[in-house]
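Take the sequences, apply the hints, and build the full model.
Residue numbers (the working numbering), protein chains in the order written: chain D, 80 to 1119; chain B, 73 to 303; chain H, 214 to 312; chain L, 51 to 176.
Simulated from the structure, these hints should not be mistaken for lab results. Any given hint could turn out to be false.
[Unchecked claim] So the derived list for chain H, only partly shown, Cβ under 8 Å to chain L, looks like this:
#1 Gly249
#2 Val257
#3 Gly276
#4 Ser289
[Said to hold, decoys possible] Heads up, simulated SDA-like pairs for lysine to any residue below, C-alpha to C-alpha not over 25 Å straight-line:
#5 B:Lys76 <-> D:Arg1092
#6 B:Lys76 <-> D:Leu1067
#7 B:Lys76 <-> H:Gly233
#8 B:Lys76 <-> H:Val242
#9 L:Lys175 <-> D:Asp229
#10 D:Lys867 <-> D:Leu1006
Even glycine gets a Cβ: it sits at the ideal position worked out from N, Cα and C.
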Amino acid sequence: MVNPLYLFACSLAAAFLLPLVDKLGRKASLGLAYATVAAWGAAALSYLWALFPGGSPTESFGTAGFAAPLAIMLRVGPEEAAGLLAVSAVGLLSAGAMHRSLAKAPIGGAIALLMALMGMSGIILTRDLFNLFVFMEISSIATYGLIAYDDRRAALRAGFKYMMAGGIASALYLIGVIYAYRFGGQLNIDLAARSPGLYGAAGTVAAFFLLAALLIELKPFPANGWAIDVYQTVDPGLSAILSGASATALLLALWKIMPILGDAQLSVVAGSGLATFAASNLVGARQSNARRMLGYSSVAQVGLVAAVAALTRLLSLGDDRFAYMVAGGLLLNHLLAKTGLFLLSRALGEPGSQAGAQRRRERALSPIGTAIAGVLAVGLVGLPPFPGFWAKWSLIRALAGARQWWLIVVILGASLVEAFYVLRWFGRIADMRGEDGYAGPEAGIAGPALCAAALAGFGIASGLALGVGDPLLWAPFAALAALLLVDRAPGWLKSLLSIAAVAAFGRLAFDRLDGLRLFFAVMLLGGGAMYSFAAMYKRGPRRGLHPLLSAATLALGAILVADSPLGFFFAWETMTLASYLLVLRGKKGERAALGYVVFGLGGAFLLMVGLAAIPGAWSFRPTGGADGWPILLIIGGLLVKLGALGVHVWLPGAYAESDDDVSGFLSSSLSKAGVFVMIVALAAFGGVVPFQALTLRALGWIGLATALFGALYAIYQEDVKKTLAWSSMGQIGYVILALAINDQAGWTTALYLALNHFLYKSMLFLAIAGVIKRVGTRNMYEMGGLIKTMPFSFLSVLMAIIALSGVPPLSGFGGKWLLYSSLLQKGWYLEAAVAFFASAVAFLYLFRLIHTIFLGQPKPSQSTVREAPLALTIPQGFLMAVLLAASAFPRLMLDPVMGVVGDVFDPILRFEGSTLVSPLGYWDGTLSMIVTIVVFALCFFWMLANLHNPQPVKQFNIVYAAERPFKPWTTHYAWSFYAPYEKALGFLTRRRGERFWEAFGTGVDSVGGAIRRVYTGNGQTYALHVVLYVVALYLLTGAL
Amino acid sequence: MMRKVMVTLAIIGFAFALLPLAFRAGVQAEPGALATEYLETAPRELGAANVVTAIVVSYRGFDTLGEVAVLFVATAGVGAMLTRKRLGPAAVGRRKPATEVLRTATGLLTGLIVMFGAYIFMHGHLTPGGGFQGGVVIATAVLLNVLAAPESHLAHGVMTAVEALSGAAYVAIGLLGAFLAWGFLDPRVMPTGSIGSLVSAGTIPLIYSAIGLKVGAELSGIIEALKGDRP
Amino acid sequence: MAIDIAIIVAGAFMVASGIGAIASKSLVVSILLSGGVSLAASVVFLLMGAPDVAMTEAAIGSGLTTVVFLYALARSRQADDEDSNERLEAPASRSGGSK
Amino acid sequence: MSVMAFIAGINPVAASGAVLVLVGLWGVLSRPNLFKIAVAFSVMETGVNLVILSVGYIRGRTAPILDSAADARSASARMTDPVPQALVLTAIVIGLAVTALMLSYAVRLRTGGGDSSIESYGEEKW
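Structure below.
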């Protein structure tokens, strides 16, 4: 290993000589500075290489030819090497971003940059308490210089506040050092940690002062106003250094002194870190200024890492390896994402000051810039495959193992808030995109791009390190990347490629698909392939659609084949990610996508805790009973995903605002993933849940309420996609209800209903996509009479609504029959009655669908529209055929379903020939089909024979008889179609769910608003916070 | 009012944390083991009469190097902030010219003061004082010149060169220690000599000389930058 | 013990001048008093057998720091009686200095 | 413990240093003028330096400087602790650097068109 002292010598010599070299020209001096930083990076790489598992162990270096305790020691171990690499990498990236300003400013800027980075490296390497102080001062003073080097007023204002906090921290640190020397007798950290003097009453206080100083430098809430102001105002390159490199160095310093901290002090570190994480995220949610928001997020993340490091020791969560993996993973994630985002914020333009924040001076990003912003934002919030995701999983699992439920609640709650505001910001960026404007990448995008690439690379590496090596689980990302590469290709080619990808996946996964999985694979993979095909119905490359659609489809497939909790959760979050981006792609998808992803993540967090809480290595295959309550969390998480009443508020927006074909995919395919997991999870617990009767009854009522209210909301919609969205919610409600019955009949019903829903909802969405394409509106009152111009779509919708409404002869009847049979069999009579009522309500919106769109008089402007494109009609034709076949021969669908369920429960239902027999009755699909066809044919012929001379009536002749209406469309018969019913049922359809969540959001928001009153902008108040914080810490450590 | 209460609370709280520590530490009767080791080994191994100097320049020389870097970067920062081109000359021609006496005295004294400074840093290993103190004395000479002739500018280029080269020399001597002795900043490159003579303690006098020149130049730079007359 | 008493006397002086430096209305008085604190501190250092530190504190703490303070104060007061071209990009609302 | 023994146990240097730190802190937290804040920091620094050196204070011992090589062995029994002295030397210089930078911030903010009160530099907040 190269002696790091040479690197210090090198940096210092370079810095000292910079003013002279500068006489040769700024290029020479900056080149020298950058080369020196790069040398650090190269050395760090060589250390990492040497330390690579199996290589030499940690190595120490003494100064001046002596060893400790006489001389200052430096140490190079794994964390030091990684930290050095981080510092120099961030330093180089930031230097690249600051290059222009550095070239213009006095040479002091470059000197300060070089010294700041060297100071941070020194903090990382040194093992001496006082030497640590010297390096902290070097890096702080160099930072003060850097803040001021480009002479911005706002930065100077913030810099002075920073200096005040820094000055107090230095004083604290010095006091700590000298008393550590007094009581511990040593300045070397490793020797001091072994000296008993430091563990006495006085020695503990000495250690406390050291700790307090480091904590302040780590910007704890509420003593961090100065830091936020700095993040907001200085050159974004410097923000990146502070938030990435400096935080890394200081966290390693904290890690270094942890051996001399007692339990009380460690608890204080953990508490302070978590409080910072929670509070800063709450305040961050209030920010409109991007850089200030990133500042809060930075502070929050650093708090979390500090807390995790302390908790690792305090709760014995794991060894050093665990700390590297989790704290290191979180830090790495923060470092790369935040560096990239800060550097990217430059491309977004100068955000206005607080007062002018309303005037958005931000520019739209190019598609490439947007993609990079997306990777960084998504990585920051801990979605897969980025390092934060893996670290968070390991952390939650360890905390669950230590039964620290409150910590989990705080961490995940605050993570959710962070995800909310970071993705809101990203949504806004994505929303600013020009309509298919192919602007070239921005200048200075290389840095963020590198960060994004590194983030992905490290993410994949950590996933592999955690043992998630199954290629099928990574397939979604492979497909995403591959299709993004050919994103400029014509749509049809990408459609075919997507289908090929799904087919290949299916082939590879086939051996692992047992009955249940095969059953769902038809809906999930088959559905995905079908929608990839349907995506051809719009011309143009439809950039981004195909990669995301196939990623989402393959993620659904991955959910099916995952065989470990982590692998499963990985696939699940991949699905959340891909579908979020799909929704965001929609024209007005920004708000809807935000709701979708926040609820999706919330549900996923419940799921994660449930999975993590299951003791032992639980394979995701049916195993029988295990101890119970995690299943409740899993069910809760799945209910969110299924859009159960109360947590459904994301659903209408997401289904309605995404692209028309994507809506179909989400509603008919993706929603089934939740059903699948619910079944697998329940099966894994042997169908046993805590408080069995009560829980199942409650679940049943949740499903029932979802079904009822979904239908009720659906009937008042003017927007056809909203109608379908609410209808989906209602139909899934029946599935939940059926699952809650929890016996063979119930589950058979659930699976049967799910498959049916897939069939008819696909037909509806595909048909409606065609209609919307042709008529150019989603409002039903602007349509009418399309039966003549789009007969095929009419037929498709007709069949779908027959199937949906549950009248014979189509398979929907079977579903309803099964449902009522199972409910009555179970003894849930009231439930059966309500379910019946809900079905009646569903008739209303179904009737409206067919009536206002296809029947009545055509609008003059729509009298010449063509039938839907083939890309839509072919899948519909196929689905119709399947539906008919399944209706005529129910065994086609029911045999596999009953086979699956038969493993878990004793049989209640059975087949006798083509007749399905339950204890309460029987159903013969073939017979009812024959009967219906015969009756229908008779009626039809009677009608043909008796109807002559139909008289067409002008549609608007009554309206124009009087006066010209102010809003002519309100006079259309389809406008506010079910207004009369509103009087009767309106009280049920107040949006209580939305209002609750709105109030909840407002509550969270106002908590953030109240907290941020702390940040008055007055540097002196900030200094006061610092002192009060220290005092509070002191009292706490004394009390603990 | 609220604010005053909070400040009072903060101070009282801080006192509550700090004072017991200060009182409990008391006065030591004996130096600790580490201190004794320094006191015994420094003269023997490094030949330095001034143990503090031995620690500052050699054992903990890495700290001192960092300290020089701190001063250096602070000077650079002050310079970058206060001597930007667009600031322009601030007060040229407004200052009262210095008296004849002061100017004459300055001419006489400058050389003497610089020599005194050099004496201090070259004897740092023998007597109290060293590079930093010597550097301040040299800066005093510069200050005197500034007072005597407010409009004049020091030979800025020369100062820069002195600062850069003495800094580089410091690092170079340190590196010599790594190559010729046992480690970076090891003063035992040259013979440690007998305690009490000027040529003793290895390279400590050389290092202190480099530090003295560098600190002198840096402090002069700070004074000049604050004066704000540099074109 | 005699040294202790001397130290206590010097300590009392330091605390008094420190309070004076903070409380004084005039900045120049503040600066001079804080220089006085340093000077007394260097006396204490000398009494404690730390001549190196005493020299440094006297030269840097009380000497040079005071000079730097006075220069900085003088420099900033120029801002009042001269309209300088030193203004930062956003001129503050209260531009009383410009004439 | 008698009062006298308690007083004798007090380290006078540490006590005055600690009080100076508090005085400086009081200034930092209560004086709005930027230059006054810098003065307060400098007072605080002096206090910290006193606290550091107080740890090396041993009654009746001399400076850790040898007169000649002859008494090198016995000398260590007569001398004070050199370590805090070495640390203070470093701390003093660093203190000067911080003060100089803080003052140039103050000067720059002032000459840049502001006034000297920290309360007028709170534009970034919340």
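Subject >> Violations among the numbered hints, reported as their numbers in ascending order >> reply: Violated: hints 1, 3, 6 and 10.
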